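Chains as they are written, first to last, in UniProt numbering: chain A, 1 to 388; chain B, 1 to 388; chain C, 1 to 388; chain D, 1 to 388.
These aren't lab readings, by the way, just hints derived from the structure by calculation. Some hints here could point you the wrong way.
Chain C is faced by these chain A residues, among others (derived, beta-carbon under 10 Å) [claimed, not checked]:
| hint | residue |
| --- | --- |
| 1 | V150 |
| 2 | H283 |
| 3 | E284 |
| 4 | G285 |
| 5 | G287 |
| 6 | F288 |
Source: prediction; values computed, not measured. Don't be surprised by glycine CBs; every beta carbon is placed ideally from N, CA and C.
Here is what each chain is made of, one letter per residue.
Protein chains: 4
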Amino acid sequence: MDFALSPEMETLRGRVRDFIATHVMPRENDPRCTSHGPTEELRNELVAAAKNAGLLSAHISPEYGGLGLDHRGKAVFFEEAGYSPLGPVALNIAAPDEGNMHMLEAIATEEQKERWLRPLAAGEIRSCFCMTEPDPGAGSDPSMLQTTAVRDGDDFVLNGRKWFITGAEGATLAIIMAKLEDGRATMFLSSMNAPGIHIERVMDSLDSCFPGGHCVVDFNDLRVPASAILGELGEGFKYAQVRLSPARLTHCMRWLGQARRCHEIAARYATRRMAFGKELGRHEGVGFMLADNEMDMLSARLAIWHTAWVLDQGQLGTAESSMAKVIASEAAWRVTDRSVQVLGGQGVTGETIVARIFSDMRAFRIYDGPSEVHRWSLAKRVFKKYSL
Amino acid sequence: MDFALSPEMETLRGRVRDFIATHVMPRENDPRCTSHGPTEELRNELVAAAKNAGLLSAHISPEYGGLGLDHRGKAVFFEEAGYSPLGPVALNIAAPDEGNMHMLEAIATEEQKERWLRPLAAGEIRSCFCMTEPDPGAGSDPSMLQTTAVRDGDDFVLNGRKWFITGAEGATLAIIMAKLEDGRATMFLSSMNAPGIHIERVMDSLDSCFPGGHCVVDFNDLRVPASAILGELGEGFKYAQVRLSPARLTHCMRWLGQARRCHEIAARYATRRMAFGKELGRHEGVGFMLADNEMDMLSARLAIWHTAWVLDQGQLGTAESSMAKVIASEAAWRVTDRSVQVLGGQGVTGETIVARIFSDMRAFRIYDGPSEVHRWSLAKRVFKKYSL
Amino acid sequence: MDFALSPEMETLRGRVRDFIATHVMPRENDPRCTSHGPTEELRNELVAAAKNAGLLSAHISPEYGGLGLDHRGKAVFFEEAGYSPLGPVALNIAAPDEGNMHMLEAIATEEQKERWLRPLAAGEIRSCFCMTEPDPGAGSDPSMLQTTAVRDGDDFVLNGRKWFITGAEGATLAIIMAKLEDGRATMFLSSMNAPGIHIERVMDSLDSCFPGGHCVVDFNDLRVPASAILGELGEGFKYAQVRLSPARLTHCMRWLGQARRCHEIAARYATRRMAFGKELGRHEGVGFMLADNEMDMLSARLAIWHTAWVLDQGQLGTAESSMAKVIASEAAWRVTDRSVQVLGGQGVTGETIVARIFSDMRAFRIYDGPSEVHRWSLAKRVFKKYSL
Amino acid sequence: MDFALSPEMETLRGRVRDFIATHVMPRENDPRCTSHGPTEELRNELVAAAKNAGLLSAHISPEYGGLGLDHRGKAVFFEEAGYSPLGPVALNIAAPDEGNMHMLEAIATEEQKERWLRPLAAGEIRSCFCMTEPDPGAGSDPSMLQTTAVRDGDDFVLNGRKWFITGAEGATLAIIMAKLEDGRATMFLSSMNAPGIHIERVMDSLDSCFPGGHCVVDFNDLRVPASAILGELGEGFKYAQVRLSPARLTHCMRWLGQARRCHEIAARYATRRMAFGKELGRHEGVGFMLADNEMDMLSARLAIWHTAWVLDQGQLGTAESSMAKVIASEAAWRVTDRSVQVLGGQGVTGETIVARIFSDMRAFRIYDGPSEVHRWSLAKRVFKKYSL
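Pulled out of the complex, with its shape left as it was, chain A reads as follows (with noise of 0.2 Å):
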């Protein structure tokens, strides 16, 4: 039982914390941060700042240009890239794409790794991933989906409509869940101009720092060939899991760092502005609200080390990154809120970024499954475990 980080990771920290400080931070207000995320023009500036001080793609292998971290360094890096909603995508680690590497390095063929992953990895593309639909398709519950590939000769050819695909404006690459007319999903990979794809509209949403924003997508018999397929045909849901844990998880740690961003404004706030007679934090009231942000930030710290360690374990991590994905996401959440409250009025205007990142996070208690989801889940182990 050690809670000690490396020298290197240390190291590694600091140069990310460097990194976001002085590459990111200064673009937090640039115009070019849309309601839809921020455009192409400036993630490409981003990305080649960061490619210039050797810190992209941490979480992908040196063969593929990354760094190769395992998930304990992924919990460590990702929190101090999170501290600005610009710095996994500077970094290359924002989702959907961090995921989307995650799983082609783990499951695609080395052809399909060099015509997607490497360029991926370089921060040349992006990519999307095509799972969630409509009503009445899949949503918490994948099994619900109504995408189909149907076989025609060596291809497939996919019909469906898909919403909030993330990133899908701009993407390079989509990967899309389908079913099988025997039911069974599949994953397919596929250029995004590909004929049959057609993005609908991107639609408004409470976050903001998505590149290319969340999507309608249709696809209206796209055809692909059977070297498309991502992994073994039929085992779609197989690998959405093999995606999930680690993404969701990637997401805990990202959105620890924008709470703790919130955290450390609303403090410094406090220390200085004056209520009835002593500074804000001077009185219990706003302290406690202090004291419980950082207890909150511990709890979600532990949580995510304790499953990146669990996953470096190999193990699946089911169980434990549902716990990190509540615990994390509620717990940034009620830190989050607690800053806005902190900064009272300031806490709700753009005068601070705190109210950008409030707007996302609440967006990220419903990504990855809600916490609904996750204890439903919980439940069912526990009542399993204690029937024996």
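Got chain A sorted already, so can you dock chains B, C and D onto it with the hints?
Positioned in the frame of chain A, the structure of chains B, C and D alone reads:
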């Protein structure tokens, strides 16, 4: 002890409900709903419809063109109006005009009423209340007031800077709180186009329901005559209290309506969206959230009604309105947050109006005093009461 | 809409308050307060005092010796009675007698009323309500009833086992829920000293306010005549509802009084105990807890009053009483828990009555349905309402 | 960063688990478990069994008869011991002896260790820590110390009154905190049967797990020689800190074990008890509570482990142990309270051990500083940190 509404009040509530459904809700997605609030043009259309329906300025006495509702009547009418974020604007009972009119009717001279209250109650002009100042000025603690009013012959010359001045852009009347050379506070009335008033900018904020947004306003040697004093010289803080208790309560009424809107959208969604083999709402994890919503709305409504009754007895109701603000704002917040959660992905997008109300609602938790200020004030009362 | 009490009700409340202070509170540390409730001797003394004060059985009509209060009257009277854990026993309005009397008055034949209700209302005898059964029998789900009633000529023969039978030890009357051969439930009246009734043991429990404690009771071939049927044959569940809604609500009234007691003890302590340089209550961390107590008590009281009004309109009030139970029991619990916390070390000892109320209150959260059962029932209503 | 236990620690944990199951749990319903704690006779039997199993005083170095566990080792061992409320007593690692032994080992002279530590570690005698005083004396704020120590030749004469002195009845050693004439605090060692020490009474309290209960103790001209000073003269508060951080943490470890016990009883019950057509645990309303229990226990455990690691690095860990106390005590409380709720009626009775742990646990939230004191102390740190 009686919780019944009079038949007249029931009828009036039905009329408001119909008006909101027929004239207001169809305009909620009007592009003239901007991030800085509905445009003047949209507001004028809405107000014209309300005037036509005979529902304008319900809280003002018929003498000045309103319906003359008492506080309990407002509790019913305003909740119904709040069912749409545009409802209070349409019915001319939105902050800050509603509270400003209330205060003018209570305090202003006949001449002041003719000049300002009559066109305000007719919805022809708008007003703003210039109280809050940037750090180190007046915020939750009004005694930190920095804006000065210096007597110069029969006039007063005002200097200072205000922010979070809701609706300043487009307003005709400003009510300005400033401190005299002896430190006492006074309220002054001024036309917004007087020389010496400058709107520096409209602030970005989480909410988007107030025409004119929230502004930074500078006063540079603004000259006002003695006839522009509202009430007695030096009694500004007393009048602020006259305005605050009811204004705080009407806020609660309107936001309760918005919370109910979110709940109903979420509840209807939960009856048809399937997940894991049954409708969402048949999952206890979701059903319990909806049950909690109903309890929270009941608690909020009862606290509002109770305070309204206290005010109708002619009491100041300071403690009761503080309690109602905390109970109602926190309850309405939970209702809205749960509604987002029940809607899942859709809840954080523009697919329904819930995300917009969610953002508006976060700001409401700060307006008219964050919970912490009310708890602080209530704690002092408890201490005093039990010290005896 | 009116929250005023009539002058008569104000006067009555004052009389109850005086009675509790003068006759009941001095006996709270009487050694005859055992872990299984006050002894019969102590109860008899208390009841005699209440009879002398003309305050006995306030919920029963004057015809049978009570004060004939409606539900709103009870809300005021019972809260005041609950200020001492012994108050409801003294005033003969404690569970289960209070609910049993209410049901007898509503349903029993004249003969049954003369035999049982009259001496109950006079405080001369006690009764118990035999509904709950050990696993796998009836608990929160009454349909799981196992106790059987088999017709034998003009009689019925009952067999089964009940537990959590409050007040069985020392009771004269048993009201027994059993199911007929066709599965329908029926209530039977029986003297407790009938052959075939055996009290196996008194259970240890967290609460200690009920005379007779909570018992395990066996029915072995208990024979009752047809004249001992309460109401109609087969209508047991319907009558249970007649008893439950008001009984649930009177529970809330009494416990609100106990919560107020705790709050006042804690608040007074906070005004004089010093810590870290000032009185506890001047620390916001404590003051906010006391402010929350006041808001919780207000919310509980308003929910109770509202439901009482609904019942006084002749409605069943099932949803309202469920909401009142959840709101009031959870609020009263928080008040009591915070009061313990404010008192610090003393709060968890017998130095004040707060620790005893705390233990009693924990059980109250289970009685008459835990919050989860009410949320489940409310969720079903919401689903139905919004399915239309 | 590593969350693995060493194989030796795994083995030791298994031995404790077996010991608790075999030797301790069968005695939980022993009538010698009184409301003032297990009797000396019962304690002696339990200690003899632990000595026989080679599991006594695990936190003390082998030199004095213990197992020499570091803080991380204790985290694992003590949680397992806490699975029964009698476990820590049996294994001689219960408060206050455990903390007293720890402090003696760290601070006492060799002579003092031989006289007191050796028999304590052997479980032959018990000790008490005399710090807390009645109002207006030392409580959460130790600086309010009233007990005096006046030098008289080579001796000191102590006068004062203490309460909440856990285990005083039956203890052989008293460690007494008193203030010198110059206001500095000092700890003195004394035999409990010295003239001048008088146990006035054993207090009634919610908890019942400590041998000897909690006592009111008077010191009247208690004379102690200079050789009975623990550590340096005037350094009492410093030593109290040496004792407090680890003692606070070991409390958390033990109570986490008790919370786990409650959870497991509730979870097993939920897998078999039917209600409304299915097992309780298949109702999400119950299943979610059990899922929350698992997350709360994980959070508590990780906070404890983290603080243990910090202490093992030789740091004081004041902030970490404050955070661990708040996180673990509040989490363990929620777990216990939910377990009561899941068990329904049974949860509030002696049918399971859960109600007893529930009552014990409420007191734990006060011991070693209520959450409010820790939040206050953490808030001061946050303020200082962000003032820079």
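| Is the shortest C-beta separation between A:G287 and chain C less than 10 Å? | Constraint on A:G287 satisfied, holds at 8 Å.
| Does A:G285 pass the interface hint, meaning its C-beta sits closer than 10 Å to a C-beta of chain C? | holds (4 Å)
| field | Cut-off 10 Å, beta-carbon criterion: hint that A:E284 touches chain C | value | Nearest chain C Cβ about 4 Å off; hint holds.
| query | Measuring from the C-beta of A:F288 to each C-beta in chain C, is the shortest one below 10 Å? | reply | holds (6 Å)
| said: Quick check on the hint: A:H283 CB to chain C CB, less than 10 Å? | reply: holds (6 Å)
| task | Return the status of the interface hint for A:V150: holds when the least beta-carbon distance to chain C is below 10 Å, violated otherwise. | result | With a minimum Cβ separation of about 36 Å from chain C (threshold 10 Å), the hint on A:V150 is violated.
Hint 1 alone, counting from the list given before, is not met by this structure.
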